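Asks: For reference, the chains in residue letters:
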Amino acid sequence: MPDNGLLVQMILGALLGLSVYLPMAAGQLSLATPAFYAVGGTLAALMATQGPSAPTISLAAVLLEMLLAAGLTAALAVLVGLPVLRLRGIYLAIATIALVEIVRVAILNLPFTGGATGIFGIPQPFREPLGYLWLSGALLALSGWACQRMETSRLGRSMAAIRDDELASRCMGINTTRVKLTAFVASAALAGMTGVIAAHYLNTWNARQGSFDVAVTTLAFVILGGSRSWLGPVLGGLVLTALPELLRPVGDLRLVLFGLVILLGPVLFPQGLITPALLERFGRWKP
Amino acid sequence: MNAHKNTEPLLALDGVGRRFGGLQALSDVSFGVQRGEIFGLIGPNGAGKTTLFNLLSGVTPASAGAIRWRGRSTHGLRPDQLNRLGIARTFQNLRLFGALTVLENVVVALHHRQAQAALNAQAMGLLEQLGLADLADRRADNLSYGNRRRLEIARALATRPNLLLLDEPAAGMNPSEKEQLCALLAELRQRHQLTLIVIEHHVPLLMQLCHRLAVLDFGQLIALGTPEQIQRDPRVIAAYLGGAA
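Protein chains in written order, with the working numbering: chain A, 78 to 364; chain B, 28 to 272.
It is worth saying that the hints were derived from the structure and are not from the lab.
One should not assume that every hint holds.
[What the hints assert, rightly or not] Taking beta-carbon pairs under 10 angstroms as the criterion, some of the chain B residues facing chain A (in silico): (1) 51; (2) 126; (3) 182.
[Said to hold, decoys possible] Computed list of chain B residues with no C-beta within reach of chain A, every gap over 10 angstroms: (4) 44; (5) 86; (6) 90; (7) 93; (8) 95; (9) 105; (10) 115; (11) 127; (12) 175; (13) 189; (14) 210; (15) 213; (16) 238; (17) 249.
[Claimed, not checked] Partial list, derived from the structure: chain B residues whose beta carbon lies under 8 angstroms from chain A: (18) 84; (19) 87; (20) 107; (21) 111; (22) 113; (23) 118; (24) 119; (25) 122; (26) 125; (27) 131; (28) 134; (29) 135; (30) 186.
None of these values were measured; they are calculated from a predicted model.
A virtual CB, placed ideally from N, CA and C, is assigned to each residue, including glycine.
Required output: the full structure, derived from the provided sequences and hints.
Replies: This is the structure:
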């Protein structure tokens, strides 16, 4: 049975998986999630370490940080998304990788973000991991509820249509730019808020938290879990975050096994673990 | 004929052209389409018919000339904006939302804000008119070819168009299906008060269906008139049968 600490990491993984999933539900392969995650974490680290150093921080202050991180990353996503979402497929992926790199290098070199060592001693709102479990669990529940509502809404239908055929969607009166931007902004805000929780939980924050590796790992969450419903990336995030830790007993072999899972997952489950057929069997997930 | 000759045309093209690099896909095309008219567009392959639909629906901008919709220029408008202004289209090479159900394909094109149940009911109504109600829960990419063509029409109708652009709606259909489609289009036009522009290779079908026809050849408008006039036009005969006009 995984301990609470691992459970928190798993939920953070699920949240990042959802963040990658949201643009993908509108057919956009965006790898920008780590950039917004890094911005959120850095914002929290900076805000929480202002003033006299203290080992604890109030939950209200953390929630305020989350709110600000959501606003900041959403604004950034609008600025970046308007030009970048004109690109399609692999070109969008490359442009968003560039964003991840820009943010990483900026955090590494800005005078107030602690350089390569990053920011230390970020105060904790909880003494035990259980508190983080509640906080991240609440964010996941809220996001899942919002995704479930979205998937049966006008917005969700438009996203599914764009994913199938963007040109036909435009000709059917769907403002594809607005829909894609909405998904991108939601993705960014979710990653930003997740970054805030992660920064407090990890106690320290540096530029490596939002690296290209994270983009690949979080993409694997969606691919293994399945991208036809929000349940897919959640499951993928939970499983793939837990796996390296649960495989610890086998030593260095665990990274090989982890790699095998990522490699074989798409081969054995090309539609992911949560497939459309599975969703149909649990008909209540569909409108 | 129901077309009203003396009013301002619903759609007016004035010297419209489109160039793709060195290829002049359309040049100097001018005609008007009246409210309620069924207007046919014929011409050999590569004549520029689909390019013209792409210009009318805003998919590609015109490189010359002006298109006026209800007297106002459509210059710079996006496809979704033109659709909201009342121009809907179908696609020659079927572009349904394959992963969605037949019903969802129609619901996604209904843009007024209403409760889900009301939207579904409206979509079902359209599916019934097109004879697809029994297939509502099927995935769109599991439909037969003829049914996909009809679903394209249902989806376009869901956007409540005034002008419907049909790109080869009878392609791949057998003669009796073509007959049925002809009757269906006439019925839908009445019911939804549509103006239709139809691209079709099957000329007898258009002769029967349309009030007027335009003939394109190598991007040029070579003839415009009633079916009787078109049938007798020597340039049309030359374009279709080859040889010097």
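Asks: It remains to establish, for every hint, whether it holds in the given structure.
Replies: Hints, verified against the model:
1. 51: Residue 51/B check fails; min Cβ-Cβ to chain A is 23 angstroms, beyond 10 angstroms.
2. 126: holds, 5 angstroms
3. 182: holds, 6 angstroms
4. 44: holds, 22 angstroms
5. 86: Check fails; 7 angstroms does not lie beyond 10 angstroms.
6. 90: Consistent with the label, residue 90/B stays out of reach of chain A, its closest Cβ about 20 angstroms off (over 10 angstroms).
7. 93: holds, 21 angstroms
8. 95: holds, 20 angstroms
9. 105: violated, 7 angstroms
10. 115: violated, 7 angstroms
11. 127: The assertion about residue 127/B is violated, with a minimum of 6 angstroms to chain A.
12. 175: holds, 12 angstroms
13. 189: The claim holds: residue 189/B sits with its nearest Cβ about 13 angstroms from chain A, beyond 10 angstroms.
14. 210: Holds, because the least Cβ-Cβ distance between residue 210/B and chain A comes to about 26 angstroms, which exceeds 10 angstroms.
15. 213: holds, 24 angstroms
16. 238: holds, 25 angstroms
17. 249: At about 28 angstroms from chain A, residue 249/B clears the 10 angstroms cut-off, so the statement holds.
18. 84: Residue 84/B check passes; min Cβ-Cβ to chain A is 6 angstroms, inside 8 angstroms.
19. 87: Status violated, d = 11 angstroms.
20. 107: holds, 5 angstroms
21. 111: With a minimum Cβ separation of about 5 angstroms from chain A (threshold 8 angstroms), the hint on residue 111/B holds.
22. 113: violated, 10 angstroms
23. 118: Because about 7 angstroms separates residue 118/B from the closest Cβ in chain A, which is inside the 8 angstroms limit, the hint holds.
24. 119: With a minimum Cβ separation of about 12 angstroms from chain A (threshold 8 angstroms), the hint on residue 119/B is violated.
25. 122: Since chain A brings a Cβ to about 4 angstroms from residue 122/B, closer than 8 angstroms, the hint holds.
26. 125: Interface hint status for residue 125/B: holds (6 angstroms vs cutoff 8 angstroms).
27. 131: This interface hint holds because 7 angstroms falls under the 8 angstroms limit.
28. 134: Given a least distance of 6 angstroms, the restraint on residue 134/B holds.
29. 135: holds, 5 angstroms
30. 186: holds, 5 angstroms
Hint check: violations occur at hints 1, 5, 9, 10, 11, 19, 22 and 24; the rest are consistent with the structure.
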